[in-house]
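Enquirer: The primary structure of each chain is shown beneath.
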Amino acid sequence: MKTIIKRELLDHLQSIQFIVLLVFSITLFSANGIIFAKKFRQVDSTFQQRTAGSQPHPDTQIIFLFRQSNPYLFLAEGGDLDRPSAYFLMAKGYFSASSAFLSRDYKLPDIPKLDWSFIIKTIFSLYVILLGYAAVSGEKEEGTLRLVLSNPVGRVRFLAGKYIAILCAALVPLLAGCLVSSVILAIVLPQILTFDTVSRILFLLLLSAAYLSLFAFLSLLVSSLIRRSSIALLVLLAVWVVFIVLIPDISGILAQKLAKVPSDYQTAKNLGPFVQKEVWDKINGIQARIDRGELRTEEAVKAEAEKAYESGQEKLRFYEKNYEDSVAQRARLARDLSRLSPIALFQYAADDIALSGIHGEEEFLKNISSYSKIYDAYVMKKTGKLISQSNWMFSSSVKVDGKSIDLHSPQPEAYRGDMSDFPKFVERPARLSEAVRYALGDIAGLLVWNILLAGLAFSMFLRSDVR
Amino acid sequence: MIGTIVKREILDYLKSAKFQIGLVVTLVIAVVATAINIQDFKLRQQDYTAAREEMKGNKYEVLIYRPPQVLSVLVQGKDRVLGSKASLTTLTIPDRLTGYMGSRGAERQRSLSGFGSVDFAFVVRVILSLMVVFLAYNAVSEEKSFGTLKLALANPVPRHHLLLGKGLAGLAIVLGSLFIASTASVLLMLVQPFIVLAGSDVMRILNLVAASALYLIAFYALSLFVSVLVNRPSTALMILLQLWIILVVIYPHLGVDIAENFFRLPGDRELSAMKQAAFQPYEAEFNKVRDAYRYKGDRSPETGRRYFELQALESQKSHEVDLDFGRQLTRQMRLAQNLCLLSPAVLFDRMANRYARTGLDEYERFMQGLARYWQTKYLGLQKLRYEDLKAYQKAEVPAFDYPTERTAEAWIATIPQGLILCLMSLILFVLAYAAFLKKDVR
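Those sequence lines, one after another, are chains A and B. In case it helps, this note's numbering puts the first sequence at residues 1 to 467. In case it helps, this note's numbering puts the second sequence at residues 468 to 909.
By construction, these hints were calculated from the structure, which means they are not laboratory data. Glycine included, C-beta positions come from ideal geometry on N, C-alpha and C. Be careful, since some hints might not be right.
[Claimed, not checked] Rough simulated footprint, nothing fancy, chain B against chain A, three-plus residues with beta-carbon under 8 Å:
| id | stretch |
| --- | --- |
| 1 | 213-219 |
| 2 | 227-241 |
| 3 | 271-285 |
[Claimed, not checked] Straight-line distance between alpha carbons at most 27 Å, and here's what the computed DSSO-like set of lysine-lysine pairs gives:
| id | chain 1 | residue 1 | chain 2 | residue 2 |
| --- | --- | --- | --- | --- |
| 4 | B | K545 | A | K260 |
| 5 | A | K260 | A | K307 |
| 6 | A | K321 | B | K526 |
| 7 | A | K39 | B | K545 |
| 8 | A | K260 | A | K366 |
Let's have the full structure, built from the sequences with the hints guiding it.
Expert: Pasting the structure below:
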């Protein structure tokens with residue numbers, strides 16, 4: 001078996017695919033290192049500028065919370081750079097993405113970022129196919145398969161030897177590339193190369209090995225099923241296209257179709273004119289209720305106006321939450337559907353490890369939620385009441401017993417005194433163990449693919465007619 | 468003689484599994500994608516009309532909405548993500564559109580499965596170009612490896628006739644598939660009652676199909692060339708795939724990455740400093756007038772009017788800085804495109820977006836229209852308040868519209884890309900031809 005592996009590996013190392021892959025790998029990974037080092041510096045310096053001094057800037061009406069720059073984005077960007085880098089938070093746990101800090105270079109084409117997971121999931125998977133498609137069918141075509149198997153070599157050993165050789169031939173350029181990228185990052189940004197980063201890198205490499213091994217098994221399977229190597233390659237490529245393009249894209253489309261998301265416009269209308277009108281109607285109705293004798297005292301009238309305001313605020317929260325939830329639901333559905341493809345499994349697991357995907361965002365929102373309790377307690381202590389601002393207001397006046405009362409929508413109070421004890425917002429990013437827990441399902445999926453394809457490949461090869 | 472060869476080759480292609488499977492896959496994806504995009508367009512169109520009716524601003528804050536482009540059904544481009552609403556006041560001329568809910572909405576739409584969207588342009592760029600590679604990789608290499616090339620050339624057929632015949636047959640098949648896919652997509656659009664295609668839209672669709680044809684021909688020429696050069700079909704296919712992944716995936720990617728990271732843009736702070744500097748000469752007067760108007764109760768028409776003029780001037784100065792920044796962003800985008808001048812996929816994308824009006828050119832035309840509207844009609848309306856209050860109260864918010872691009876303009880703008888694609892195909896065909904004439908066919 002050692003002989004087989006050695007011979008196969010030598011064959012691969014001399015082949016044109018291998019050389020090209022090595023060149024691609026080193027080029028792309030060094031580009032990755034340079035780009036992400038630059039990007040991290042830029043994002044991090046913006047973050048440092050914004051949060052210089054106390055973070056957040058003390059205020060009892062509204063505060064800004066900034067997201068730390070994620071040092072693992074070079075592994076898997078996961079849409080992180082397009083997410084809002086700041087949120088505003090008000091009393092009663094109300095927060096929202098701030099539109100002032102969105103990505104600025106919106107004129108460039110939207111293409112996936114050149115991170116490790118992108119290079120591995122597209123380029124390397126394709127090259128594993130190119131290395132493996134002729135493993136059995138090529139030898140069959142040339143008649144050497146018969147010769148090899150007439151020696152005292154078991155078929156299982158033969159195929160296992162081929163498998164190991166393919167995987168090694170793909171992993172060598174991968175490791176070389178990763179090394180180059182890591183060295184560049186280590187030189188430019190020595191501060192991010194911590195134990196944590198290294199363990200994430202190693203974890204991603206393990207994940208990549210599992211992912212590439214699945215493609216090695218797949219090409220061996222197809223190669224033993226199909227006699228002509230060019231047809232085997234065609235079939236493998238068709239499968240690759242299905243995995244990388246069709247399943248993810250179609251699941252995006254299906255999710256858009258199946259999930260009921262209120263349109264951008266409908267939500268905007270509910271949040272704006274609709275709720276505003278409801279509240280105004282209630283406020284305008286107060287005079288009539290006074291005349292009917294339902295409200296007699298000034299306190300009762302004021303309480304009623306406050307109730308109207310609060311009900312409006314609740315409606316706002318409801319529509320916002322409904323929108324956010326259904327968008328998140330749709331994204332989850334799209335991802336669940338695309339998990340049929342191992343490429344998506346790998347991508348989502350890599351995103352989780354780099355804390356950049358949907359789960360990374362959820363973790364940050366949890367951080368805000370837990371901070372908002374501290375903030376509420378602080379505001380309560382300083383100003384004595386919790387009021388969250390609204391995007392509409394009212395001001396009107398009514399008459400009770402000939403006395404006129406002004407009704408204004410409540411405003412959160414700006415505390416003018418000493419705020420040196422303002423609570424600090426400290427973001428706690430998820431640890432590796434938590435990240436792995438998120439990725440567990442996807443990793444299991446990759447293993448299942450491996451076992452399934454390995455079983456099929458071996459059983460097909462054992463039964464195949466080698467003449 | 469050529470006729471016989473073309474006929475035989477076409478029949479061979481039609482019977483081959485790769486053509487049949489490829490055509491079915493192409494057709495299914497094109498139809499499904501177009502159907503979904505039509506639904507999406509319908510919803511966006513409804514939202515747009517409803518927003519114009521229901522979400523009117525007041526006379527001071529004028530809300531302008533951007534209509535969705537009908538051809539985004541075929542080429543999504545950036546139409547969905549660039550936003551759909553602008554709010555104008557004396558204090559602000561927007562330099563960028565937002566979603567209906569502010570900038571959040573438009574951004575949020577994107578986070579689906581994390582992969583891209585599918586439309587007719589995608590089908591051409593990825594699926595059909597791959598199909599072209601599959602169809603053509605063995606045009607010559609397989610006959611050579613089977614030994615039938617020798618036989619074919621033993622007949623009284625000149626070599627160039629054989630290659631020409633093969634080339635024409637392959638092109639006919641490729642263009643035929645393109646024709647079927649585009650006809651299916653367009654027919655699907657035409658039967659929708661809410662989609663009204665103007666004459667210029669039809670012209671644009673024809674241009675789009677022609678651009679697709681140019682793109683596919685370039686790939687076909689490349690495949691033919693490799694097929695002539697390489698003797699083993701599987702090696703030819705391998706080389707072609709590597710070229711495909713370079714031209715369609717890696718090269719455009721690196722171009723954007725370089726432009727994104729090595730093009731210096733001013734930071735937020737620099738921009739606000741520039742805005743402040745631009746208004747510096749008027750700052751003192753502005754402060755004086757504002758204090759008089761707002762705090763000292765000087766409500767004389769002259770003061771009010773001066774206050775308004777200075778406000779407008781400040782927005783204008785800051786808009787000039789924004790405009791300059793926008794121009795830099797455009798230069799950055801152009802740099803990304805020009806770095807990828809040799810990738811047929813990028814050339815095709817540029818042409819497709821231009822014809823479908825879903826690229827940045829259309830967006831910028833809209834934004835220019837917006838700035839002009841603010842300058843002339845909006846400010847004119849606000850001025851009335853200080854000149855003739857009664858007329859202001861009676862006045863209606865002036866209608867907004869912006870000049871549409873004539874098809875000829877789009878056509879002229881895409882000539883360079885078209886020429887490069889033509890040139891590429893021509894050179895590759897000539898190379899294939901020369902290589903075939905000198906080829907050892909044994």
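Enquirer: Each hint needs a verdict: does it hold in this structure or not?
Expert: Results of checking the hints against the structure:
Interface restraint, the stretch 213-219 of chain A with chain B: violated (0 residues with C-beta to C-beta distance below 8 Å; minimum three). Using a Cβ-Cβ cut-off of 8 Å, 7 residues of the stretch 227-241 of chain A lie near chain B, which meets the minimum of three, so the contact claim holds. With a threshold of 8 Å between beta carbons, the proposed coverage of the stretch 271-285 of chain A by chain B holds, since 3 of its residues qualify and at least three are required. Simply put, K545 of chain B and K260 of chain A have alpha-carbon atoms about 23 Å apart, close enough for the 27 Å limit, and the pair holds.
Taking the CA atoms of K260 of chain A and K307 of chain A, the gap is near 31 Å; set against the 27 Å cutoff, the hint is violated. As the CA atoms of K321 of chain A and K526 of chain B are separated by approximately 32 Å, the hinted pair breaks the 27 Å bound. At roughly 24 Å between alpha-carbon atoms, K39 of chain A and K545 of chain B fall within 27 Å of each other, so this suggested pair holds. With a C-alpha separation of about 25 Å, the suggested pairing of K260 of chain A with K366 of chain A holds against the 27 Å cut-off.
Violated hints, in rising order: 1, 5, 6; the structure is consistent with all others.
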